[in-house]
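If you read the sequences in order, they're chains B and P. Just so we're aligned: 199 in the numbering used here is position 199 of the first sequence, and the numbers increase by one with no gaps anywhere. Just so we're aligned: 192 in the numbering used here is position 192 of the second sequence, and the numbers increase by one with no gaps anywhere.
Bear in mind the hints are in silico, worked out from the structure with no lab data behind them. Treat the hints with care, since some could be wrong.
Said to hold, decoys possible - Some chain B residues close to chain P (C-beta under 8 angstroms, calculated; not the full set): (1) F57; (2) P83; (3) V91; (4) K97; (5) L110; (6) E113; (7) T118.
All C-beta atoms, glycine included, are put in the ideal place defined by N, C-alpha and C.
Here's the letter readout for the chains.
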Amino acid sequence: MTNLNKIAIINMEGVSKRYLPDTLALYDVHLHITKGEFVFLTGPSGSGKTTLLRLLFCAEKPSVGEIWLDGMALSSITPSQLPYLRRKIGVVFQDFKLLERHSVFENVALSLEVTGLTGGHIEKRVKQIIERVGLGDKIKRFPPQLSEGERQRVAIARAVANRPQIILADEPTGNLDRPRAKEVLSILEELNAEGTTIICATHDERLYERGYKRTLRLYDGILNSP
Amino acid sequence: MINPYIKRAFSDLKRNLMTQMMTTAVVALSVLIFIFFYFIYLNLQHVAEIFGAELGPVVFLKKDVPAGRIPDIYQKLIKLPGVEAVNYVSPEDAMNRLKTFLKDEKDVLEGVDPDFLPPSFELKITPAFRDIGNISSMAGRIDKWPEVYSVRYGQEWIGGLEAFIRVFRIIVVISAFFLLLTAAFVVSSTIRLALYARKEEIEILHLVGATRMFIQTPFIIQAFSQGLVGSSMAAGIVFFCYLYIKNIVAQFTLLGGIGLYFLPWPHIVSIIAISACVCAVWTAFVIRKSLVQ
Chain B
1 MTNLNKIAII NMEGVSKRYL PDTLALYDVH LHITKGEFVF LTGPSGSGKT
51 TLLRLLFCAE KPSVGEIWLD GMALSSITPS QLPYLRRKIG VVFQDFKLLE
101 RHSVFENVAL SLEVTGLTGG HIEKRVKQII ERVGLGDKIK RFPPQLSEGE
151 RQRVAIARAV ANRPQIILAD EPTGNLDRPR AKEVLSILEE LNAEGTTIIC
201 ATHDERLYER GYKRTLRLYD GILNSP
Chain P
1 MINPYIKRAF SDLKRNLMTQ MMTTAVVALS VLIFIFFYFI YLNLQHVAEI
51 FGAELGPVVF LKKDVPAGRI PDIYQKLIKL PGVEAVNYVS PEDAMNRLKT
101 FLKDEKDVLE GVDPDFLPPS FELKITPAFR DIGNISSMAG RIDKWPEVYS
151 VRYGQEWIGG LEAFIRVFRI IVVISAFFLL LTAAFVVSST IRLALYARKE
201 EIEILHLVGA TRMFIQTPFI IQAFSQGLVG SSMAAGIVFF CYLYIKNIVA
251 QFTLLGGIGL YFLPWPHIVS IIAISACVCA VWTAFVIRKS LVQ
């Protein structure tokens, strides 16, 4: 790893998340992820993986503690700054979260349109990224016309279209068979090789069994980091 | 950044065409009712003006006023503020008019001395002075002149009509307020439903880093265009009704050439612009409350 890669891009200090009335989803989490790292976040269902990711993309606020993202304390982010912070993060969900009445092209273009890019630039970048995830021939199709693996690839394409620094993947292979899961993983690995920090929450042991990536384990909201 | 917003607004319109059309129809109906009231009000006002002009004050002189005083009285009348023209009607002229009015029954006037009718002056009032209050005050002053027997100006009729028009104007203003509010409420309710139906899309937009402006602007453009199209349709419908009624009115000679008048074009443009703006502003207000990052 180079020195550049050792710069912390995500820092969590003493983060807890409590849901009313008395559910403790995360407890005293201390986490340090460096730029360009690929981290698996594992644990059984209900262990707090999704909550941790939701805190990172500011869908929720911690009850206690502080999170720094690329050096910026999330507690100090104003509502008007939030969209710009989110553009640094690409999110991939288990249920894809694609717009069913929009084509593959339109779904992927959405994350570029919000940045203010216009026609020609969007078209070029979207085509490029869709080719890359292997869906070049299905650019005009709509999500219901695609297989689950293809839909997940569209979701990944949307997440990476505006070149985010971080990708948060929440059970990205949860709905896929083994070959499709491998395909998705290899796309994430490629992106990581280009310098994107990846946090992949999963309880699919097949993904991290090879053991060459850092694996964080969550049990009942408590993080055990090796 | 305007073009992408407009593009998104109209592609959304296309995707939810039926709902959008129904909203536009409700806006059209609300504005239609208002424009129709306003159209009636303007035409009543016009009728009042015509009668106000035609029923100018008539100053009846006492029968014993010497003929030599007539030019002096004429000069005094023509110099009064608000008087445009003065016409002297001698007892002979009055008798001739009466005979013309009676047509076939003019024989009843056979042998009647024209002097039984008093001499009079008919005053034509300037348009700016044509108000029941002004005319009434002027008539009161003239009535005190020693040569004057009485002053008549159809006060009951015009006064009643003007009072009715004043009440009607208040009704038009209040109805405008409520109807515009109805239109804005319907549009914003549709937008609220659209927001609810597209909750997932908005959530995704938030996730990919869309600003509040990026999300809400297409909705505001949609509301503005619904207000614009709806109110234009309403104006168009009233205009075609006006053309139809105008032809019918023209056939009634009894109405003495009183024509119908459509709303002045600047008023139409203002109504359309205000409707569009109210719909857009109200929607912006609703979205502001509904959108949570």
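Here is what the structure says about each hint:
The closest approach between the C-beta of F57 (chain B) and any C-beta of chain P is roughly 7 angstroms, which is under the 8 angstroms cut-off, so the hint is satisfied. At about 5 angstroms, the closest approach between the beta carbon of P83 (chain B) and any beta carbon in chain P falls short of 8 angstroms, and the interface hint on this residue holds. Contact between V91 (chain B) and chain P, as hinted, is supported at the beta carbon level, the nearest pair being about 5 angstroms apart and thus within 8 angstroms. With 8 angstroms as the threshold, the beta carbon of K97 (chain B) comes within range of chain P, its nearest partner Cβ sitting at about 6 angstroms, so the hint holds.
A least Cβ separation of about 6 angstroms between L110 (chain B) and chain P falls short of the 8 angstroms threshold, and the interface hint therefore holds. At about 6 angstroms, the closest approach between the beta carbon of E113 (chain B) and any beta carbon in chain P falls short of 8 angstroms, and the interface hint on this residue holds. Because the beta carbon of T118 (chain B) sits about 7 angstroms from the nearest beta carbon in chain P, less than 8 angstroms, this interface hint is met.
In this structure, every one of the numbered hints holds.
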